Structure formats: C-alpha cells, structure tokens
Amino acid sequence: MRTNSSLTTSLKVFLFTKLFAYSQQAFVGIFMNIYLWRMTNDFYTIAFYNIIYSLFHGIAIIPSGKIIKEYNRLLPLRLGLLLKAIFLSLIIFLQQDIIQHLGMVAAVGGIANGLYWASDDTLKIDLSTPENRLTFASAARIAKYFSKGLVPLIAGYIIIKNGEALSSYSSIFVYAFVITFISLISSFFIVGKSNSITEKYRFFSISSQLLKNKKIRIVVYSALLSQFSETLPILLSLLLFLATGSEFSIGGYQFITLFIGVISNYLLMQYFNRNDYKKLLKIGGIMNFIIVFILFFQQSFAALLLYGILSSLFSVTDNPRHPIRMDTISNYAQSAKKLSDIRVESLNLIALFDILGKILSYVLIGFLSYSLNFYLIASIAVILSLGKLSANFILANIHEEEVRSL
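When you line the sequence shown up against this note's numbering, it's residues -17 to 388, in that order.
Keep in mind that the hints are not guaranteed to be accurate.
Claimed, not checked - No farther apart than 20 Å at their CA atoms in a straight line, the calculated lysine to any residue pairs in the SDA-like style are these: (1) K264 <-> Y253; (2) K48 <-> D102; (3) K197 <-> K182; (4) K182 <-> A315; (5) K261 <-> G234; (6) K196 <-> F185; (7) K261 <-> K182; (8) K260 <-> S312; (9) K260 <-> F375; (10) K196 <-> L206; (11) K261 <-> F185; (12) K264 <-> F275; (13) K264 <-> L287; (14) K197 <-> N379; (15) K182 <-> P45; (16) K194 <-> P45; (17) K194 <-> A315; (18) K194 <-> I380; (19) K261 <-> K194.
Calculated from the structure, these hints are not laboratory results.
These figures come from a predicted structure and were not determined experimentally.
Given only the sequences and the hints, what does the whole structure look like? Please build it.
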C-alpha cells in the first residue's frame, strides 16, 4: 500500500541539518576507533574511550532536558554542535598525544553528543505527526546511509593517498570540523517549536510515574536492547580493518551497503505505512539475527561484505521502532492530558536507557582485548544481535493497540 504522507518544510530543513550531523558522526564514529587501534592495537583502549564517551553522553541528557523544557528546544542542539567542534579541535591538536588525554577528550565528545541528540529527539516528535513519522524515519535513515556510505569512502581515499600514515587522520578530523560548522549554521534555519514549554522540568518524579505504565516500560526496555545491538557496526569496521589492513576497504564496504540501504528505505517510504509496523519489525528482527551467523563460517572481506549487504537490506525494517515509541508516548500523554508535561522527560528517559545499552555492549566488546579468537568475535556479534531481535518483537506486540487508540 502506498502512503500519501509527506514531510513539512520544517522537517526537510531538519533533515538537511541531520545529514551534516550524520556526516560528522561518520567521520568520527568509524575512524576514531581505527585511529585508536592504529596507535594501540588494543580493544581495551577502544572500549574505554567509548564507555567514557557514552557515560558523559548520559550525564548531559538531564541538563539538556531542563534547557529544552524551560528555555529553548534548539539551544542544546547548537551547544552540542559547538562542543563537537571543540572535541574535534582537541583531536587535531593532540594528535598521538590523545592517548594520554583520552578520558578528557571522550568526556567532551560525550557531552556534545548528549546535548545534540537530546534536542534532536524532542524536535523529531514536535515537527512530525503520526501520519508522517515512518516517512520521516525512512528519510532520516537514507540521510544516515548516504553519510555513512560516502564519507568513509572519501576518508579511506584520503588515508591511502597519504600513505596510510597516522598524520592522515588529522585531515579527516579537519573535514569533520568543517561539516560540524555547516550543521551548526543550518540549524538556525529550522522553523518550528523552538521556544520552551514554560513548565518545570521534573525528570525523576515523571520518570517514576512513567515506569509504572507497562507500555512505557516496554518502550524503555526496547531502547536499551536495540542500542545494545548498535555497536555491531563498530565491531564490523574493526574486523574489516583487521581482515584487509586498509581503511579504504571500510569506505568501499560502507558505500556498497549505502546503495542497498537507500533503495530499501525508498521502497519502504513508497509502499509501506504504519499498518505494516508489526510485520516489518518481526521480519527484520528474525532476519538480522539469522544473517549474523555468517561470521561463524568466515570473517574475510567477502563474508563481511555479504553480511553488510544483507544487514542493510533488512535494517530498513527497524524504521518503525521510533514511530511506535513516539505513538506510545503521545497516547499515554493524551490519556493523562499531560502531553506537554511529560514529553521531554519521557524522551530523556528513553535516551538514558539507550546509553545504558551502549555501555553494556562496549563492556562486552572490551573482552576482545584478551583474545581475538575467531569464535569469540562471532559469539559477541550474535549476542549483540539478540538485542535488536528482542527489541523488535516486544515493540511489535504493543503496536496494534497503539494504532487503534490514535
């Protein structure tokens, strides 16, 4: 069935800003880990960096929520982008000395990320409607695929051109700095509900109230489980580098999977709507779990590429997760007649469980510092994929009732 939902001008501008934010994230998210590996050959260092980064991301969420609710909804987004620029400046300035200051650099990056995405989460629900949320989620995923496919290819080419030296990474982080600045400028063109709700931010009392509701608990736990799986691409990028010894292979891998991802998301936008959420979630959860077993047979570039192609094809079925979360929150808020009272706090609560899921997965990846055993790597990948499978199924089970009540 073809959906007739469309995106507003505000959502289109917001997507444009997100495109640059995703591009910056693609530069740093993938190549920062490879950069650290090149300097240390140690998964422990990578796990430490990501845990500190995620921890400070979580710490920034509650102050961000207070700013969003009591002052301005776009201010944390802009502050986050400004701090991202400072974070990148530190990486460029410190170069190989970054290892001695890794905790501090990770903390700055984490706070920047927390500020940015807390605002982003609020704007996604404020600027969208139940009818166009799947379209928006698909368009946002296309922007994400485009960034994470093209940017690593460019970065890999830069590194190869400069002889794969560590100094080549400075050029990558300079490009990321420029992209961050463009994203900051474009954020001033977002038109929407930027002013505050003019009500007090009450995270702890409202969170306690929310967690008494079964459906909200399901949404929150699904956030933890789904984010537990989101570190799988980081593990795969490191495996690609170990299998080939070349950053350019990561770029090629990302570009090919980009092509598949964009096509599948476009088809989803054209031929599926919110009535298909349950079916999409269950199919995606099962297929993404099955294909990870490819890694038990071989971890060569060809095997990893096959996994990446299939993963991109079926990852499109994850798109309903965000709309279902938003519909569940909106339904609860409307039934309690407190939509403006609890929206920011509920999004912040979900974000904190997102972070907890990430931290748990990085702890798991940290075990690779003891051994790069073939079966240990594959086993960790399977455990990580269980998060997405579980998240998709528990969300699918609450979807039908939410649709009836909207």
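Status of the hints after comparison with the structure:
About 18 Å separates the Cα atoms of K264 and Y253, which keeps this hinted pair within 20 Å; it holds. About 14 Å separates the Cα atoms of K48 and D102, which keeps this hinted pair within 20 Å; it holds. Of the pairs offered as hints, the one joining K197 and K182 is violated, with about 25 Å between alpha carbons and a cut-off of 20 Å exceeded. Distance check on the hinted pair: K182 and A315 sit about 16 Å apart at the alpha-carbon level, within 20 Å; holds.
Proposed proximity of K261 and G234 is contradicted: the alpha carbons are some 32 Å apart, above 20 Å. For the suggested pair K196 and F185, the alpha carbons sit about 19 Å apart, so the restraint of at most 20 Å is met. Distance check on the hinted pair: K261 and K182 sit about 39 Å apart at the alpha-carbon level, beyond 20 Å; violated. Our distance criterion of 20 Å between C-alpha atoms is met by K260 and S312, whose separation comes to about 19 Å.
For the hint linking K260 to F375, the alpha-carbon distance of about 8 Å falls within 20 Å, and the restraint holds. At roughly 16 Å between alpha-carbon atoms, K196 and L206 fall within 20 Å of each other, so this suggested pair holds. Pair hint K261 plus F185 does not hold up; C-alpha atoms about 34 Å apart against a cutoff of 20 Å. Under the criterion of a C-alpha separation no larger than 20 Å, the hint pairing K264 with F275 is consistent with the structure, at around 18 Å.
Distance hint between K264 and L287 is unfulfilled; the C-alpha atoms sit about 24 Å from each other, more than 20 Å. Pair hint K197 plus N379 holds up; C-alpha atoms about 10 Å apart against a cutoff of 20 Å. Pair hint K182 plus P45 holds up; C-alpha atoms about 12 Å apart against a cutoff of 20 Å. This hinted pair does not check out: K194 and P45 have alpha carbons roughly 24 Å apart, beyond 20 Å.
Between the alpha carbons of K194 and A315 the distance comes to roughly 14 Å, so the proposed pair stays at or under 20 Å and holds. Pair hint K194 plus I380 holds up; C-alpha atoms about 16 Å apart against a cutoff of 20 Å. In summary, the hint linking K261 to K194 is not supported, as the alpha carbons are separated by about 28 Å, beyond the 20 Å threshold.
In summary, the numbered hints that this structure violates are 3, 5, 7, 11, 13, 16, 19.
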